[in-house]
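A.B. asks: Listed below, chain by chain, are the residues.
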Amino acid sequence: MAFRINMNSTYKYILVLFVAISLWQQTTAQTQEYVIKAVFIERFARFIEWPITSKVSDTEKPFIIGVVGINPFGSELEKLYKNQTIKNKSVIIIYILDYKQIERCDMIYISKSEQTKVPLILEYCQNKPIITISDIEKSLEMGVHIAMGMQQNKVVFAINDKAFEKSQCKVDYRLKQYATQLQ
Amino acid sequence: MTKHIVSIKTKLRRLMLLLVAIELVISLSLHLITDIGKVQNRLQSQSILYAELLSEYCIAPMTFNDSAAVYDIIKKVEVIPKLLAVAVYTNTEELITLYSKDSLIVIPRKGIENTNNSGIFSKYFTKTQTIVYNNIQLGIICLYVSKQEIKESIINDIRWSFFVSIIIAIVGIILIEIFQRKISNPIIDLLETIKTISSTKNFNIRTQSNTNDEIGVLAEKFNEFIEQIQKKQAAEIIAKQEIENLNKELEERVKQRTLQLEQSNKDLESFAYSVSHDLRAPIRHIDGFTKMLESKLPEKNEQIQHYIDKIHESSKNMQNLISDLLSYSRIGRQELQMDMIHIQSVIEEIIETYQQDTQDRSIEWIIHNIPKIYGDIRLIRLAFENLISNAIKYTSKKEHAIIEIGCNITPETIEIFIQDNGVGFDQTFADKLFGVFQRLHSDKDFQGTGIGLANVKRIIQRHGGSVRAEGKENEGATFYVTFPKKKK
Amino acid sequence: MKQTFRILLVEDNENDIELTLEAFTQHGLSENIDICRDGAEALDYLFYKGNFANRTIENPILILLDNKMPKVTGIEVLKIIKQDNVLKNIPVIMLTSSDIDKDIIESYNLGVNAYVVKPVDFEEFIEAVKTLGLFWITLNKVPR
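Chains as they are written, first to last, in this note's numbering: chain A, 736 to 918; chain B, 51 to 538; chain C, -9 to 134.
Same shape as in the complex, but just chain A (with noise of 0.2 Å):
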């Protein structure tokens, strides 16, 4: 190859360059943020309770989290939940496309995927003891458990007292006092 550069080449080389930096900055970003957002999730875990009625009583089976719709989690879950157990039981990652599979779960996360199928999707895990966690804008309202956000680049999250009771599980005040109070 010959090294003549031209000019405008270059310009273009370092435009794609930036715009590649950027879009991998923000994916990076991106990917940082559900980094965090995955091992929030398993965080929370910690602190909630199912019901002794549910299946997560039974530590024979396996604890489940289902993530519905496009995962952006990549394989960070999986790589969390390797060695970690979720009230002593091991956990297994479900991606589920089809809601049917929703109430196979102990807790599911709803992607920004279906921002407008959140109120189907709740529906699915009525008075079941399913917990939700959405990172969609105003899913709290909607009835989700948990809802996370950004603040000032930090991932922050709010707690729904009444899904809580719905669903008969716990939350431990703990994560109630270090949950923001709005989204």
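No lab work stands behind these hints: they were computed from the structure.
What you are looking at is a predicted structure, and each value in this text was computed from that prediction instead of being measured.
The reader is advised that the hints may include incorrect statements.
What the hints assert, rightly or not - With a straight-line Cα cutoff of 20 Å, these simulated DMTMM-like cross-link-like pairs (lysine to aspartate or glutamate) come out: (1) A:911 <-> B:398; (2) B:366 <-> B:328; (3) A:911 <-> B:106; (4) A:847 <-> A:768; (5) A:889 <-> A:793; (6) C:58 <-> B:319; (7) C:58 <-> B:398; (8) B:422 <-> B:398; (9) B:443 <-> B:389; (10) B:316 <-> C:96; (11) B:341 <-> C:6.
Chain A is fixed; fit chains B and C onto it per the hints.
C.D. replies: Structure of chains B and C alone, referenced to chain A:
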């Protein structure tokens, strides 16, 4: 006030001060020990509480690695004065965040300071607490707790104890004043009473005994004692009085007796005077007129002459008898003038005076050493004149007279003897020798009135001594005169 | 030897007077004796009083004085004599039968010239008088 009363007060004060000091020390120590313990415990439990509380609050933030939120939480100790600093560490003791009020405290970045209770006087101690949730240790929180409270508690205790002690001391001083006076006053009274009694010698005084303690008893006993002395004194006075009375009585009697004796003596004196004067006069006249008669005889008539001689002789006899009687009586009445007499030289003098009369005789004098005797020299001389003249007289018929004068000394007496080898006497009649006008020989053989030895006996007796005689007819005689030794 | 001298004899006992006169007679002096029978009479004589107021003024050359006399004793007479300026020079002989010391000492203190205890023996007495009398008469000059 006398010295010893003051020092009772001082002693009481010192005692009180000592007690107060002891009380102070004891109460202070006890307080300190208990309070410091209490305060420390309180601090401990409080710091545990705070630590736990903070750790609780940190659980969520620590779970979510939110060091800012952790800081927010630990910053809340701002309002708690006793918490000087809080530091939160990871499980590996690496500092996550800290809040400190005191910049002097050095909080380690790595490793946790663990000064739990490093002495009373350190500024703070640390309380560490693990932040744990669901058996998962999230981190370690370390509280820096101020020990100021302990110091304050100590100071407070000291202040309080001193305050109480001062109050006790003041009360004590007041009580001492009162109490001491209560004790001293009876003692002072007693003292005054003793002084008065000893200066005025009046044992009628009593002291007051109105306290119901040992001093009261002392005062009471003192009074009893004084009473006894008073009684004794009274008895003594009575006894003295009696003795005085007896003495007076005796003196009176002695006076009377002396008067009687003096009177007797005077009577005897005038009697002797009478005798010497009035008895002699007629004798003198008899003698005188006889002589005149003799001269007027016309012719020598032997018979008449013989009668005249007899009259003459008798009157001379009478005169001698009167003289002897007078001298005998005088010897009895004369006052003795006693002194130590060199009797040996007296004897030698007497012998001298008789030398002339015995010129033509052969007399051998053997004179031994005789110690001094105590007596009246005039009377003693008289006595020995008598004895020696007797010895000379009654050896006059001997060709060679031997007269020995010596003495025998005993512890109590000096016995002087005069021994001659003259005509001696019948021992059976020895006692008669010393009788007045008693003779064992006739006037024809040896002239004499028989008063000499009576005089000797009287003289020696007046000296407290005694006389005796031993003799054998024709073999001589020995006269013993015993004097008592003068008692020093 | 003067023949007109007087010797005063003061004696109360008649027998003694007789014996004394007898003694003096043997020496031819009986005419020169004046006799007073007691002390008072003696003083009268010496001071020309009473019965002797008209006596020839002439002091005796010798006074023989008995001690034991009524009214005034010999010692008392002696005292008075010795207090008189003229009479004190007359020699005085105390004649007495008392040999009690007190009298002896007293009369010598008063200045008597001789004290003679009358001996019982008449011969001795005469001898004594003679000795004394002649001594004083022959050897002493008596002021008139």
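A.B. asks: Are any of the numbered hints broken by this structure? If so, which, sorted upward?
C.D. replies: Those not satisfied are hints 1, 5, 7, 9.
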